[in-house]
Amino acid sequence: MGLGAYIAVSAALFALGIVAILVRRNVLYVLMGIEMILNAANINFVAFNRFNHAEGSQSNLDGRMFAIFVIILAAAEAAVALAIVLNVFHLFNSVKPAEADLLRE
Amino acid sequence: MQSQILTWITFLPLIGMAVILLMPKTSMNAIKGVSLAATFVAMVLGTWLYFSGFEQRSLAEIQAARAGGDILGAQFVQRFDWIDSIGAQYYVGIDGLSVALVWLTTVLLFVGVIASFGMEKAGKAYYALLLMLEVGILGVFVSLDLFLFYVFWEVMLLPMYFLIGIWGGPRREYAAIKFFLYTLAGSVLMLVAIVALRLDSGTFSIPQLTELAVSGKLMGASLPAHGVLLGMDFTTWVFWFLFVGFAIKVPVWPFHTWLPDAHVEAPTPISVILAGILLKLGGYGMLRACFPLAPDAFHESAFALGVLGVISIVYGAFVALGQSDFKKMVAYSSVSHMGYVLLGMAAFTVWGMEGAVLQMFNHGTSSAALFLIVGVVYDRAHHRDLNGFGGLSQLMPRYWALTTLGFFAALGLPGLAGFVSEAMTLVGAFEAKDTRFQVLVLVSTLGIVFTAAFLLYAMQRVFLGKKNAKYEGIEEINAREVFCQAPFLFLCVLFGILPYLLLDWMHPSVQNLINILKVQG
Amino acid sequence: MTAESHFLAFDPAQDFKLLFLAFVLPLVGYVIQIAAGKRLPRQGDWLLTSGLFATASITVLMFAKSLWAAYHGLEFRHHSGDEAGLWFHWFYSSDELANGVANVSAAIFYDPLGAAMLMVVGVVSFCVHLFSIGYMHGTPRYHIFFANISLFTFAMLGLVLSDNLLFLFIFWELMGLMSYLLIGHFSHDPSSGYFHKWATKACKKAFLTTRVGDTCLLVGMVIFFWKFETFRFTELWRLSIEELARHQSLHPGEYPLWMTVGGLFIFGGTIGKSAQFPLHIWLPDAMAGPTPVSAMIHAATMVAAGVFLLGRCYPMFTPDVLNVIAAVGTITAIFAATIGTTAYDLKAVLAWSTISQLGFMVAAIGLGGVVAGLFHMVTHAFFKACLFLSAGSVIHGCHHEQDMRNMGGVRKHMPITFACMLASTIAIAGIPFFSGFYSKDMIILRAWENILGGRFTGASFFAAVGLPLAAACTAFYMFRMIFMTFSDSYRPGTVESPFAHHGGGHDDHGHADHGHADHGHADHGHADHGHADHGHSHAHAAPAHAHAASAHGHDAHGHDAHGHDAHGHDAHGHDAHGHDSHAEHATPHESPLPILVALCILAFLGVFGGHFWLADPLHSLKFWEHAHTWFETSVSFQSLYGAQIGDRLAAAVAVDEHAAHQAHTVALCVSLAVASLGILVAWLIYGRGWERSQRIAGRITHAIHAIYEVVKGKYFVDEALGTAIVVDMKRKDEPRYEPDASVIGASVHVANFLGWIDRHVVDATVNLVGRIGMSFGKGSATFDRVVIDGAVNGVGLFTQTFGSLVRLFQSGRVQQYATFAVFGGLALAVWLILL
Amino acid sequence: MELSDKLFYGLLAAGSLGALALCTLMGGAGGAAFALFAILVLAGSLLCIWERSVVRSAFCLIGTFGGTAGLFLLLGSDFLAMSQILIYVGGILALILFGVMLSPPDLTERKLPRVLSGLVAVGAGVAFVAAKVASTVNWVQAAELAEPEHATERIGVGFLAYDQYAIAFELAAIVLTVALVAAVYVARRRKIDLQDEGAQG
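Residue numbers (the numbering used here), protein chains in the order written: chain C, 5 to 109; chain P, 90 to 610; chain L, 62 to 896; chain R, 11 to 211.
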């Protein structure tokens with residue numbers, strides 16, 4: 005399949021990630037949404053790198069490298085996010101971001 | 090030569106702020122002490138700077154400095170590259186226009202801290218923000234680099250927002266957001282203009298930009314379509330963007346509506362600082378970074394500015410006459426008084442400009458005193474309704490005496506500071522090349538009468554007449570409050586009798602400014 | 062004997078220092094009073110009075126020097142800056158620094174006009190101080206009163222001595238401030254009941270009314286500065302004379318417009334300060350202040366300053382301006398004189414007579430008779446001060462009763478006061494050989510000279526007809542006052558007057574007083590009442606006060622206790638005269654010594670004040686030939702304004718002998734006729750017993766009922782301007798101040814309207830932001846309910862909208878922020894793509 | 011199993027089958043593989059959003075991650091695919107499940123109207139933008155794609171061989187370490203005086 009198909013998939017995945025973040029009221033869904041978005045980004049990276057036809061592009065792996073970093077960072081982010089989730093849970097006895105509204109004061 | 094003193098004055102409060110932030114929020118006395126110490130040292134430095142550090146140069150010396158690339162003849166210059174990628178420099182220095190305001194700032198913040206001791210709510214964050222505010226204000230006054238100027242401008246905006254929005258009165262959120270939106274709108278316009286200037290000239294340095302502007306090289310040549318947009322040329326755009334940005338701060342009619350709310354809702358020390366210094370930033374900004382950067386546009390629109398100024402004067406006085414809230418009345422009187430600043434600057438004569446700068450300083454002292462006065466009665470009666478008092482002069486004679494002095498300083502009684510600046514402004518405006526200004530002067534005299542009217546009307550309602558039994562045994566003004574007001578009232582008297590203590594400092598700079606702008610006009 | 066060696070020769074070396082000393086002494090006294098007034102013995106009144114005595118003697122000495130110089134025909138114009146190098150650089154510390162820009166510098170300027178004025182101020186102020194010791198003693202805020210009154214003197218001295226218009230203006234305004242504080246003296250003293258309420262309004266009225274004039278003066282200054290680039294009088298005179306010399310013809314309308322306008326604005330200052338029509342409204346209400354203050358204002362300081370300003374600025378006026386001045390002055394003279402005939406308040410009569418006399422002075426200056434005008438100002442200062450102080454003495458003796466209908470027969474009880482007052486009355490009425498006659502005659506003479514010499518005809522005719530009329534009225538109401546007050550027998554309580562609260566004015570109305578007066582004085586009434594039963598002797602003063610104390614004790618309303626204490630205290634602490642001032646309440650009593658001394662000094666000056674100016678007393682008896690009086694030679698145009706204007710106006714002065722003699726004769730006859738006519742009528746109506754006078758007056762007023770009402774209503778100028786002060790003692794609450802159909806009312810309406818504009822129109826920008834925010838708030842609220850069920854109710858006024866905006870922005874909900882971010886981003890993308 | 015669920019699953023299944031068929035017609039075997047993985051990805055995330063219980067959502071996420079890995083395979087980066095499966099499915103998903111276990115289940119918090127409107131709104135927006143982009147931008151399409159040699163090994167040894175990436179990898183390692191330490195620090199229990207903060211800020 006062509007590049008367009010991959011981009012379409014990643015776009016859809018991105019949209020779904022956003023929906024997941026916005027629509028559900030559980031912090032964990034926010035977390036999952038973020039992961040989806042990251043995945044969408046990864047797909048784009050790799051796809052563009054793969055369909056890159058510039059001179060010497062065959063030895064150019066930047067896109068994939070990016071993907072790897074994204075994955076690593078996603079891992080880190082997930083760890084921290086989970087810690088935060090636990091904290092929020094301690095504070096509010098709930099994992100609903102709607103109730104974690106200390107910022108407003 | 091590189092001088093450190095300005096940097097020290099500017100960032101000393103920042104050190105204090107850091108110390109405060111490191112302290113536990115329970116030890117309030119230590120926090121107060123630290124903030125007091127920081128502002129006090131800053132005040133000592135500022136006073137030294139004004140009276141002994143700053144050397145009074147003759148006009149010739151300043152003009153001689155122009156060859157060295159410094160068209161302003163600034164002193165205590167410190168300059169080194171800051172952000173190479175955009176060519177922003179750390180470039181500070183003061184001249185006759187800013188030195189007095191720097192001094193006033195340090196004094197005002199010191200008094201502001203003392204005045205804050207009366208607030209129970211004021212905690213760790215409050216004092217930290219107060220010191221941050223001082224950093225921003227001083228930075229704006231000393232910075233000679235547009236980018237630095239803008240950064241300090243924003244630094245100043247944020248603490249103000251929180252100080253009003255958190256420690257303010259019942260409608261503080263509304264007032265704070267209003268203040269924020271207004272000022273933000275202004276600074277956005279400023280930013281656009283600054284970026285445009287940078288793109289056109291390739292530098293942020295105000296002296297260089299001034300040099301370019303007055304020699305007609307700052308016409309947007311290097312911009313697409315020479316910066317002409319909607320039929321207005323580059324300089325006009327720059328001028329109006331900058332002007333509106335500053336006018337909101339002054340505040341000039343019709344951009345003034347944030348002021349009464351901000352004043353009414355802000356706690357007393359914040360009102361004092363707001364009226365005493367923040368309003369001056371607008372006028373100072375015009376003199377420093379608006380008119381010199383677009384002389385042509387300035388000369389073209391001078392009369393319009395004069396009209397705005399006169400509208401502010403008369404309108405402010407009238408609206409103040411209509412108020413029944415003590416603080417709101419004083420706030421509108423600020424609008425009226427700052428109108429003289431605009432009128433004087435627009436007249437573009439030596440006395441006009443000097444009167445304007447002088448008016449900024451004098452209004453700083455007198456309005457600060459007025460807001461402290463309002464604060465005193467508000468702390469006791471917990472309301473500011475002018476009709477709710479009466480006969481206070483029998484209950485608090487000392488307070489009444491101070492108030493009388495403050496009021497008469499505000500209504501420009503000769504012998505007190507206000508008169509000198511207003512008279513200079515009017516004379517200067519009357520002498521303007523554009524004879525239409527004479528009409529403006531005649532109209533603006535209405536403001537003089539009505540200023541006296543609303544002040545005395547307030548005096549009668551609050552202090553004279555039948556005693557209000559409700560305030561029997563209200564406590565007399567205490568030592569701390571007297572100590573807060575004393576410096577301002579003293580300055581009002583001092584500069585009313587010896588105005589040359591201010592004028593000698595600013596005179597050469599003003600003349601220099603007029604000369605370099607005349608090149609175009 | 063050479064002029065230099067003589068001890069009366071003006072010596073710049075130290076005389077300027079002396080003048081400066083005389084000028085700052087009152088200031089020093091003020092500072093001392095403010096700092097330590099309460100702690101000083103007798104609250105420092107003698108201290109200040111002695112300081113004023115020093116000032117007065119210096120001014121007299123200097124005045125003698127000017128006399129001496131005039132006798133030897135020396136020019137008497139001294140400027141400390143030029144002669145002694147005594148400068149006060151005001152704006153810039155040095156002229157070098159000011160390079161190119163005018164630097165405002167002040168110095169002492171001393172010339173015959175200044176000398177005369179300074180002497181008047183010094184002497185009158187001293188007398189007023191002396192008077193106050195007896196009059197004000199024992200009232201609350203005694204030391205503050207002395208501090209203010211001496212700063213008042215300081216301001217006037219500075220005004221006289223200042224060598225440039227700007228500094229004159231400064232002291233001018235400072236005087237306005239002091240008048241504000243002094244007229245409002247009682248507004249801090251609730252124990253002074255009626256005056257308390259009155260003064261509360263009157264001080265503000267006085268300051269604002271004069272402030273209007275001051276603003277005009279400021280504008281006039283600015284106009285002249287704009288053309289001439291200087292404030293110094295000498296420069297201004299020189300330049301204006303040159304300017305006028307370019308237009309030799311005296312036809313009106315041919316003079317530079319700016320100069321006419323500027324002159325008119327400067328005259329506006331006079332209109333405000335010396336109470337010319339239509340800004341005279343503040344002066345009658347200035348009586349709300351203590352009587353010594355009225356004496357100061359009416360004689361030495363405030364109103365004199367306006368005329369002094371005209372004298373100083375005379376060369377800067379074009380004939381057009383002079384005509385206006387003459388017209389306004391004449392109008393004021395008639396206007397006020399007619400009102401004076403209807404007043405019953407002793408001080409009100411004097412106030413209106415002051416206004417009318419000021420009209421005389423102003424008219425004289427407008428007619429080109431600057432000498433006559435200033436001459437009249439000087440003489441008037443003396444006898445008007447004397448009149449006011451005598452009136453004060455009478456009021457003091459009659460226990461603060463001011464209504465003449467409640468007086469009568471006071472002559473028997475207060476002979477000295479009567480003598481002084483009568484002398485001054487004769488002087489003001491214009492009987493020959495009394496000072497007032499010379500000056501007033503000079504003014505009328507000036508008018509006739511103009512007519513016969515064919516100059517300023519329009520205004521001159523008006524003046525020549527109007528001023529004698531006013532003079533007649535003056536003579537009438539002054540003697541009316543004398544008859545009503547002093548003749549027949551004492552008749553307290555004939556009518557109820559608001560002043561009665563001030564102690565045992567009339568004991569039969571005592572209960573009425575208790576009804577509405579302030580408690581401190583209600584008790585006072587008690588004291589005197591009770592004391593009346595005990596008969597009149599000093600011995601019962603103490604029981605009387607015991608009574609007062611007890612009355613105070615069971616005073617229902619507990620408040621203004623300090624007022625009581627003050628009163629109780631000083632009643633106790635009274636020395637001898639203090640005692641009889643409160644003990645012999647039922648009948649009037651002669652005033653204490655300081656008052657009498659002050660009265661006698663002023664009465665002497667009031668009578669012979671005119672003769673001082675004459676070349677020699679013998680020659681002066683031929684009074685129609687005072688063309689060569691000292692005053693004229695010294696204040697003549699040469700010495701005052703320099704040669705050119707001398708030439709220009711010498712033509713105006715020196716009419717041919719025939720016309721001069723004619724004028725002298727006419728003026729003499731006219732002034733004699735009107736004076737005697739007025740006195741005669743007064744005697745016919747009021748001189749023959751109280752009841753009869755009531756009958757006659759009643760018949761007359763009934764005959765001309767409509768006119769009488771209008772005049773008695775002061776032509777309703779106050780109502781038109783909305784500055785009428787209505788103090789209704791029956792109503793406890795403050796009286797309504799601004800009627801709606803008036804200038805003040807209109808401006809208040811404007812203010813409220815603009816306030817409305819500010820909230821609803823100028824604030825429209827914010828309103829708009831608010832509305833946008835509101836709709837956005839609403840939209841996002843529904844959006845929120847559907848998408849994220851947060852609570853956003855941005856409904857209501859835009860204030861709440863802002864609240865909701867804040868809540869919206871600061872909800873602290875991560876997801877909400879994210880929503881905004883996403884849809885904002887999408888919107889942006891869509892926009893970018895579509896464009 | 012409500013009606014909405016039935017409808018949703020049905021539509022989902024039908025849509026996937028349709029897409030599969032379409033892609034197979036267009037791109038043959040490769041197309042089929044692509045369609046398979048793409049459907050895995052999208053359906054996984056859709057279900058994740060749809061499901062009521064967090065646990066099931068989390069498990070649905072496996073599909074998303076796995077599908078992504080598959081797409082990576084198709085794109086010729088085996089190493090990425092492997093690390094994707096390892097880290098995501100093995101690591102992150104495990105973390106999420108921990109979170110799920112530590113937080114109370116709330117089956118009522120999913121509001122259908124919100125889900126639908128969110129899907130519609132976001133979907134419409136993204137679709138619009140995507141369509142616009144697709145119609146404006148045109149990428150050079152390869153006639154046939156030459157499989158790059160030993161991409162996997164190259165990436166696999168990229169840590170050592172390609173020094174241009176070495177620093178970056180080091181940084182990534184540091185970031186990871188720091189993040190994990192931070193996570194442990196944040197996660198530890200402690201007392202926080204909330205009310206004071208509230209009054210203060």
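Check each hint, because a few of them may be wrong.
[What the hints assert, rightly or not] The calculated label-pair distances, taken between Cβ atoms and stated as ranges, are:
#, chain 1, residue 1, chain 2, residue 2, range
1, R, Leu21, L, Gly885, 55 to 61 Å
2, P, Ala107, L, Ala96, 30 to 36 Å
3, R, Phe108, L, Gly885, 29 to 35 Å
4, L, Asp156, P, Val284, 42 to 48 Å
5, L, Phe881, P, Leu312, 29 to 35 Å
6, P, Val284, R, Ala144, 52 to 58 Å
7, P, Met321, R, Leu21, 53 to 59 Å
[Claimed, not checked] Some residues of chain P that are not near chain L, with every Cβ distance over 12 Å (derived):
#, residue
8, Ile94
9, Val166
10, Phe392
11, Tyr404
12, Ala512
13, Ala518
14, Ala542
If you're looking for bench data, these hints aren't it; they were derived computationally from the structure.
None of the values given here were measured: they were computed from a predicted structure.
Here a beta-carbon is modelled for each residue, glycine too, at the ideal position from N, C-alpha and C.
We went through each hint and held it up to the structure:
Checked against the hint of 55 to 61 Å, the pair Leu21 (chain R) and Gly885 (chain L) fails, with Cβ atoms roughly 31 Å apart. Checked against the hint of 30 to 36 Å, the C-beta distance between Ala107 (chain P) and Ala96 (chain L) comes to roughly 45 Å, which is inconsistent with it. Checking the proposed 29 to 35 Å range against Phe108 (chain R) and Gly885 (chain L) shows it holds: the Cβ atoms sit about 34 Å from each other. Between Asp156 (chain L) and Val284 (chain P), the C-beta spacing of about 46 Å keeps the proposed range 42 to 48 Å intact.
Between Phe881 (chain L) and Leu312 (chain P) the Cβ separation comes to about 34 Å, which falls inside the hinted range of 29 to 35 Å. Look at Val284 (chain P) against Ala144 (chain R): about 35 Å separates their beta carbons, and that is not inside 52 to 58 Å. A C-beta distance of roughly 58 Å is found between Met321 (chain P) and Leu21 (chain R), which places it inside the suggested range of 53 to 59 Å. Every CB of chain L lies more than 12 Å from the CB of Ile94 (chain P), the least distance being 25 Å, so the non-interface label holds.
Under the 12 Å C-beta cut-off, the non-interface status given to Val166 (chain P) relative to chain L holds; the minimum distance is some 23 Å. For Phe392 (chain P), the requirement that its beta carbon stay farther than 12 Å from each beta carbon of chain L is met, with the minimum near 17 Å. Its beta-carbon lying about 6 Å from the closest one in chain L, Tyr404 (chain P) breaks the requirement of being farther than 12 Å from that chain. Against chain L, the non-interface label of Ala512 (chain P) is violated: not every CB pair exceeds 12 Å, the least being about 7 Å.
Listed as outside the interface, Ala518 (chain P) is inconsistent with that label: its C-beta sits roughly 9 Å from the nearest C-beta of chain L, within the 12 Å cut-off. In this structure Ala542 (chain P) is not separated from chain L by more than 12 Å, as the shortest Cβ-Cβ distance comes to only about 6 Å.
The earlier numbered hints that this structure contradicts are 1, 2, 6, 11, 12, 13 and 14.
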